[in-house]
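K.L.:
One-letter residues, chain by chain:
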Amino acid sequence: MDILISSIAAGVLIGMVLALVALGLTIIFGVMDIVNFAHGEFLMIGMYTGLLTAKAVGIDPLLALPVAAAVGFLLGVICYYGFVKFLLRGPMVAQLLGTFGLMLFLRNLALLIFGSEDRALHHGLLVGKSFDLGMGVIIPATKLAAAGLSVIAFLAVWLLMNRTKLGKALTATSLNSQAARYMGIATERMNALAWGIGGGSVTVAGALIVNFWSVNPFVGLLFTMIAFAIVALGGFGSVPGALFASIVVGLIMEIPGIWDFLTYTLSWDWMINVPMTSFKYTFVYLAYFIIMVIRPSGLFGWKH
Amino acid sequence: MKGKGKLLIVFFGLIAISGLLIPSGAWAVKEIKIGVIFPLTGGAAAAGRELRAGTELAAEIANKVYPDLPMAMAQNAGIKSLGGAKIKLIFKDHEGNPTLGADLAKKLILDDKVDGIMGCYFSSVTKTVSSVCEQYGVPMINTSSTSPALTKRGFKWFWRTTPHDKWFTKDLFEFLNGLTDGKVRGVKAVAKKEITNIASACEKTEWGSHVSQLIAQLAKEYGFRVRKSILYAAKSTDLSSEVRSLKAARPDVMLFASYTSDAILMVKTLKAQRAHPKIIWGQDAGFEKPEFRKTLGDNIVGILTRTVFLPKVVEIKKLAGLVNAMYKEKTGNDLGGASARAFTGLQTWVYLLEKAGSTKPADIQRAANTIYIPGKELVVPWKGIKFSTSGDEIGQNTLGSGLIGQYQKQKDGTVGLEIVYPFDVSSADMIYPFPGY
Chain Y
1 MDILISSIAA
11 GVLIGMVLAL
21 VALGLTIIFG
31 VMDIVNFAHG
41 EFLMIGMYTG
51 LLTAKAVGID
61 PLLALPVAAA
71 VGFLLGVICY
81 YGFVKFLLRG
91 PMVAQLLGTF
101 GLMLFLRNLA
111 LLIFGSEDRA
121 LHHGLLVGKS
131 FDLGMGVIIP
141 ATKLAAAGLS
151 VIAFLAVWLL
161 MNRTKLGKAL
171 TATSLNSQAA
181 RYMGIATERM
191 NALAWGIGGG
201 SVTVAGALIV
211 NFWSVNPFVG
221 LLFTMIAFAI
231 VALGGFGSVP
241 GALFASIVVG
251 LIMEIPGIWD
261 FLTYTLSWDW
271 MINVPMTSFK
281 YTFVYLAYFI
291 IMVIRPSGLF
301 GWKH
Chain C
1001 MKGKGKLLIV
1011 FFGLIAISGL
1021 LIPSGAWAVK
1031 EIKIGVIFPL
1041 TGGAAAAGRE
1051 LRAGTELAAE
1061 IANKVYPDLP
1071 MAMAQNAGIK
1081 SLGGAKIKLI
1091 FKDHEGNPTL
1101 GADLAKKLIL
1111 DDKVDGIMGC
1121 YFSSVTKTVS
1131 SVCEQYGVPM
1141 INTSSTSPAL
1151 TKRGFKWFWR
1161 TTPHDKWFTK
1171 DLFEFLNGLT
1181 DGKVRGVKAV
1191 AKKEITNIAS
1201 ACEKTEWGSH
1211 VSQLIAQLAK
1221 EYGFRVRKSI
1231 LYAAKSTDLS
1241 SEVRSLKAAR
1251 PDVMLFASYT
1261 SDAILMVKTL
1271 KAQRAHPKII
1281 WGQDAGFEKP
1291 EFRKTLGDNI
1301 VGILTRTVFL
1311 PKVVEIKKLA
1321 GLVNAMYKEK
1331 TGNDLGGASA
1341 RAFTGLQTWV
1351 YLLEKAGSTK
1361 PADIQRAANT
1371 IYIPGKELVV
1381 PWKGIKFSTS
1391 GDEIGQNTLG
1401 SGLIGQYQKQ
1411 KDGTVGLEIV
1421 YPFDVSSADM
1431 IYPFPGY
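Heads up: the sequence lines are chains Y and C, in that order.
According to this note's numbering, numbering within the first sequence proceeds without interruption in unit steps and concludes at 304.
According to this note's numbering, numbering within the second sequence proceeds without interruption in unit steps and concludes at 1437.
It should be emphasised that the hints constitute simulated quantities derived from the structure, not laboratory data.
Since the structure is predicted, the reported quantities are computational estimates derived from the model, not experimental observations.
Careful: at least some of the hints might be erroneous.
Claimed, not checked - In silico DSSO-like pairs for lysine-lysine, Cα to Cα no more than 27 Å straight-line:
1) K1409/C x K129/Y
2) K280/Y x K1204/C
3) K1235/C x K55/Y
4) K280/Y x K1235/C
5) K1355/C x K1080/C
6) K1271/C x K55/Y
7) K1271/C x K280/Y
8) K129/Y x K1278/C
To be verified - Looking from chain Y toward chain C, a few residues come up when the C-beta cut is under 8 Å (computed):
9) A120
10) D132
11) M135
12) I138
13) V215
14) E254
15) G257
16) D260
17) T277
Backbone N, C-alpha and C define an ideal beta-carbon position, used for all residues, glycine too.
All chains should be modelled from the sequences, with the hints used to inform the complete structure.
P.N.:
Here it is as structure tokens:
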């Protein structure tokens, strides 16, 4: 039973972190109808920011979160004014290819600056520590903290979107930008804000993830794919959908653990060496594929 | 006049004959280019740095005279039989990519006109690079790729100095048997049922997947039970589900074949998940890199790794001690399995060229198939180097051997490797069971 509980707990915790990863993607899409292919690269930059700030200043990596948020926000705003704004004038395909180009640019820039070596945090308040919940269920402290902080950040963005004037302006822009402009909303600034919030939330997620993942310039692609799967499942543009779908995706990633539970509970030896862990992301992409076929707008989607 | 003419003919004749007696290479060759292909960036960059430093040190010793070093190549400046020609190394970085490795090999052969190739650490890259060498008829010495399949292809231009994984994995099971027989220093005989369940996690390129198969095959032969075997990507940035899956099998013994960054990540994750098997063993590579020890510190006390060289060898072999001191001066680290084998690989190149007295591939091939380098010339604790020329392992050194070391706290507070196998050269009592986290 400990195998099952450990897997479900791990799935839920990583799902909570992934929610923050997907949040930025869904906000940018919701407001501007742009799919940001460089989303994973923003996360990679967040990971490097967390790692390097912690190492340079000698503080705990979790204290580097505000720096990561600021870097992400600025990066998002700069990307919008310096690049995306011009893309908006082009057709949809130009926007897609444009953010794809941004992805390649950021990745290669990171390669140039940081090299291709894996880097990881080895020291920190919570790094390497864990909680024993009894019955053999172990929860790594870094994941628990990352999940908690991620949910807090997620709620903060949700409150901003739903309980403030600024959020209402953002929502108005996403519903009908032309009408919003007539109402006096500075839609261009709202677009930049969406990129800023999107960038800031995903870099914070990156700075949380670097507490237990190692980083290299190529790590972003995996997260872009996972974020796409989450947003497709939850519905493009839906913030609560992103949270729900993230936890579903986190649990899907733990199918190998559930498989192990069944293997050892049923004592079916043939199941032992089925290489389930090699397919953990395949299950996610499969879910992505299925949802795109049967319900393209996702479970909570409202954008068409 | 007639007499003078005869004298001239005799004179020129003598010059011509003397020219024939001296090997043609001695006149022509000023330097010998060896193309060296290693992973100098990427996840195994730390290993690449070690491999490069070991190779460079051997070239330095070969190119200058070091009268105090008791090895033949230290007594001459350059290759004596080639008129003192110096070794020039041309390094290339394969980044762990087999296709890139093959391209680099072609470039070295066609553009740089190298006389031979050395590399490539990753078995997967060695496989493609050696195929290119075979195609062009260029000799290649492999120093540290241990996939058994590499010498089973009947290649004529490929020689491997290191023992391969079948020997090493056999050593592991001999060691486990020794544990049950009470042969391990400092450990009372352990009941076999205490260590019978095995789980393995190996990276999934050529090397790791072969190790995984060997573990399954030899476990069966030796009467152990593999409860789980996982293959994972060495470039993984997260291994938590792999570790949970390993733990779920409730193994007594956990076995790994990992490169550097994944070995570090694996042990960190084992710690975070509080894994507590009785034995953790790594198949060399990442598990014996200086970065592994420096990064993880006390967390690796009790972990075993197979290797071909441990700093402790320095205490039993004078030559190893002298070369280790030079290496330490150059890099700040002790020789390790990768650097010692890279050193030995280039040393083998030097002896081959010395024996061949030529840079013609056919002469080098002949020299490689007949060479014998005695163990006393080597820094690694082997009986020597002699390549198999028949049977199903053509090009494999038949005189190599392995060691198993265990990380233990040293008197100076640092963590270092102690020899626990072979039993007759063990340097400390083994820590058993693994202390856990």
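K.L.:
Tell me the hint numbers this structure goes against, listed in increasing order.
P.N.:
Going through the list in order, the structure violates hint 11 alone and respects the others.
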